[in-house]
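Dock chain F against chain C, hints included.
Taken in order, these protein sequences are the chains called C and F.
According to my numbering, the first sequence holds residues 1 to 110 in order.
According to my numbering, the second sequence holds residues 111 to 226 in order.
There may be inaccurate statements among the hints.
As the list claims (entries may be wrong) - Below are the PhoX-like pairs computed for lysine-lysine, each with C-alpha atoms no more than 25 angstroms apart in a straight line:
#1 C:Lys3 - C:Lys69
#2 C:Lys52 - C:Lys97
#3 C:Lys97 - F:Lys175
#4 F:Lys117 - C:Lys97
#5 C:Lys97 - C:Lys3
#6 C:Lys69 - C:Lys97
Hints in this document: simulated from the structure, not taken from any laboratory.
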Amino acid sequence: DAKTTQPTSMDCAEGRAANLPCNHSTISGNEYVYWYRQIHSQGPQYIIHGLKNNETNEMASLIITEDRKSSTLILPHATLRDTAVYYCIVAKTSYDKVIFGPGTSLSVIP
Amino acid sequence: SAVISQKPSRDICQRGTSLTIQCQVDSQVTMMFWYRQQPGQSLTLIATANQGSEATYESGFVIDKFPISRPNLTFSTLTVSNMSPEDSSIYLCSVEGPGYGADTQYFGPGTRLTVL
Numbered sequence: 001d002a003k004t005t006q007p008t009s010m011d012c013a014e015g016r017a018a019n020l021p022c023n024h025s026t027i028s029g030n031e032y033v034y035w036y037r038q039i040h041s042q043g044p045q046y047i048i049h050g051l052k053n054n055e056t057n058e059m060a061s062l063i064i065t066e067d068r069k070s071s072t073l074i075l076p077h078a079t080l081r082d083t084a085v086y087y088c089i090v091a092k093t094s095y096d097k098v099i100f101g102p103g104t105s106l107s108v109i110p
Numbered sequence: 111s112a113v114i115s116q117k118p119s120r121d122i123c124q125r126g127t128s129l130t131i132q133c134q135v136d137s138q139v140t141m142m143f144w145y146r147q148q149p150g151q152s153l154t155l156i157a158t159a160n161q162g163s164e165a166t167y168e169s170g171f172v173i174d175k176f177p178i179s180r181p182n183l184t185f186s187t188l189t190v191s192n193m194s195p196e197d198s199s200i201y202l203c204s205v206e207g208p209g210y211g212a213d214t215q216y217f218g219p220g221t222r223l224t225v226l
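Chain C on its own, in the form it takes in the complex:
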């Protein structure tokens, strides 16, 4: 079973920040939080990952709470092309098998 829980769906206005929450209350000390997304009819795409510090790259920011039991993926300026299903996953490394939950279906609205 997936170790994370996410809202089923969310809407975001184009140009605004999209904040996608994820709960992972049973995360262990050596597990990372990974985020992937799947645009319709494509394979999943890696977005970002982190252990306990906040992380930022050209795609998104990842905010992890101090107790590591939850995190938030932030897309700072959502575009229509960000409409996708977003998966939050915990795993020791990418060598660890990745178990996908149902994810959050994000719709970016014009």
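What follows is chain F alone, placed relative to chain C:
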């Protein structure tokens, strides 16, 4: 990043037949993974394939139904055997690979299988 291709991209098959899906990577990787995504569902891991050893199957998946080959570090095949309409899904391979300062997984584009 790793570039992954899959063949075929889609196929329509008759029940009772078998289909072999190929996954080719542009660099050598240790671990390859095969996933199934049924219509409207999330991805489900079928098995992990390491070069030179038997694939490790997840609960609910067996080698007789989904035999996997891993002849070298850049290639793998998944066969869907004795197909039924319930096997209609997207099948994806993924590999671990370097990226963004730490290893991540990269996914192929998927093979869309329809069984009639």
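Hint-by-hint comparison with the structure:
For the given pair, Lys3 (chain C) sits about 11 angstroms from Lys69 (chain C) by alpha-carbon distance, which is consistent with the 25 angstroms threshold. The hinted pair formed by Lys52 (chain C) and Lys97 (chain C) meets the criterion: a straight-line CA distance of about 20 angstroms does not exceed 25 angstroms. Restraint check: the Cα-Cα separation between Lys97 (chain C) and Lys175 (chain F) comes to about 21 angstroms, which is no more than 25 angstroms; the hinted pair holds. The hinted pair formed by Lys117 (chain F) and Lys97 (chain C) meets the criterion: a straight-line CA distance of about 23 angstroms does not exceed 25 angstroms.
A threshold of 25 angstroms between alpha carbons decides the hint, and for Lys97 (chain C) with Lys3 (chain C) the separation of about 12 angstroms falls inside it, so the pair holds. In summary, the hint linking Lys69 (chain C) to Lys97 (chain C) is supported, as the alpha carbons are separated by about 20 angstroms, within the 25 angstroms threshold.
Every hint, counting from the list given before, is met by this structure.
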